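> So the chains spell out like this:
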Amino acid sequence: MTLPFPQAVVIGASAGGVQALRDVLGCFPATFPAPVLVVQHIPRDRPSGIPALLDGSCALPVAEAQDKEPLCGGVVLFAPPDYHLLVEDRTTVSLSRDEPVLYSRPAIDPLFESAAEVFGEGLLAILLTGASSDGSAGVAAVRREGGIVWIQDPDEAVAPIMPASAIAHAGADAIVTLGDLCRRLGTLAP
Amino acid sequence: MPRVVLEALMSAETELFDLELKVLLEAVYLRYHYDFRHYAVSSLRRRMRHAMGRYGMERLSDLQHRVIHDPAFFAEAMQYFTVQVSEMFRDPGYFAALREHAIPVLKTYPSIKVWIAGCSTGEEVWSMAILLEEEGLLDRAVIYATDINPAALEAAESGVFPLDRMALFSRNYQAAGGRRSLSEYFTTGYGGAVFDRRLKKQVVFADHSLATDAVFSEVHLVSCRNVLIYFNRELQDRAVGLFHDSLVRRGFLGLGAKESLQFGAHAADFEACAPHERLYRRTAS
Ligand SMILES: C[S@@+](CC[C@H](N)C(=O)[O-])C[C@H]1O[C@@H](n2cnc3c(N)ncnc32)[C@H](O)[C@@H]1O
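Sequence lines, in order, name chains A and B. Take the first sequence: its letters are residues 1 to 190, numbered as in our numbering. Take the second sequence: its letters are residues 1001 to 1285, numbered as in our numbering.
Keep in mind that a hint or two might mislead.
What the hints assert, rightly or not - Label pairs and their computed distance ranges (CB to CB):
hint, chain 1, residue 1, chain 2, residue 2, range
1, A, Leu53, B, Arg1250, 37 to 45 Å
2, A, Gly73, B, Glu1154, 27 to 35 Å
3, A, His169, B, Asp1070, 33 to 41 Å
If you're looking for bench data, these hints aren't it; they were derived computationally from the structure. Here the structure is a predicted model, which is why all the values come from computation and not from measurement. Here a beta-carbon is modelled for each residue, glycine too, at the ideal position from N, C-alpha and C.
Just chain A, same shape as in the assembly (with noise of 0.2 Å):
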């Protein structure tokens, strides 16, 4: 099967997401042509670090965001500490510092739900590994704007109860190990 390329991927993250994030990062090859961006839950009083981390793991370059920081193509961008990482439009992000949702800031709702409104069925969206039952709305949202949703399999994460609540809550398109997922994103290389 072949699916559609998707104009933007999101990713979400929590409990054991660091590991899990290399693997998928690394998966990324450095010709990846839309943006990636991604929420990993992180203490808001301290520098993440998160991004410097996984550079060395990604063929694609890997930043922290700031407040409208142009999206292109084959970036990484993080939310950083403290903020909401959210898509503004087709082009731009925007950082928030709302309340946190269900005591994270950054948190994945937000990032989904944004990236949903904005880019519609052209959005991929991967929740991973997390303790919480954050992304779980964001997931049913991207799935109502007619995205494309890839969860990873409860049974294989080192949290499972982030990807199993949002299985309950709104469904996959597939869910997937880290396996599959890297031959997966193999099949949308253009």
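Given the coordinates of chain A, assemble chain B with the ligand onto it according to the supplied hints.
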């Protein structure tokens, strides 16, 4: 494999929501002269959805109806149009950078003016007053604390904050290079921490909108943090233009931790002074 490019369309539902949002913002502007028309739409959409949930409304047009017919309701709903979250000495590194870079320069003026734009419930104002006090500058300073939210301004002026926030505020204060213990600046009463009135004798609280109002004074330091993120780029440019026109030559501008002049029209009018802490200086020209 052929690459299928989808002309991704927003769903009809989202398009209608955006249409209703435009109408709502236009109505609020015409009725109350609050101009939210150039705010960042991603976070506005979220907040309007929360408001609809809170008031049990199906459509944004229901909110519009209530808002324009009932000023008291609009005053209450204002909490959804603006984001009121703040902290004393939020991003402590910023206050440390002010101490290191701005204060020594400010000390060379016989009197100084500081503008805190979008001061919300005042946490930043009281932090600034404490900083200036500890640097021996408060007596010759005037602090303009402005916001568009009347309820927030009132809370700011009262200087009363919930006791359960004091642990966080104290940690921030210490991390910002505080010289004493934060508890020396407040007493407990009225179910909260009441900050020392003496700190605010040089503060002027005023209603001022970065979207519709003009420059009102010449100042040496503008601190506008976590406000610009809620604006779109066009409105950001307007606000930064106001700061530029308001600042003395070589005056200081402080922004929020992830805000940057880099993507705006005024990038060349400022130079980074402590780039990581978003402290800028007006260029000489
Ligand atoms: C998130 S708070 C920032 C508080 C504080 N500066 C801080 O960083 O902790 C944003 C504030 O900007 C205010 N605001 C929104 N639009 C504004 C405008 N057009 N002019 C002035 N203030 C505005 C809101 O009312 C709110 O109090």
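> Can you name, in rising order, the numbers of the hints this structure does not satisfy?
Number 2 - this is the single hint that the structure violates.
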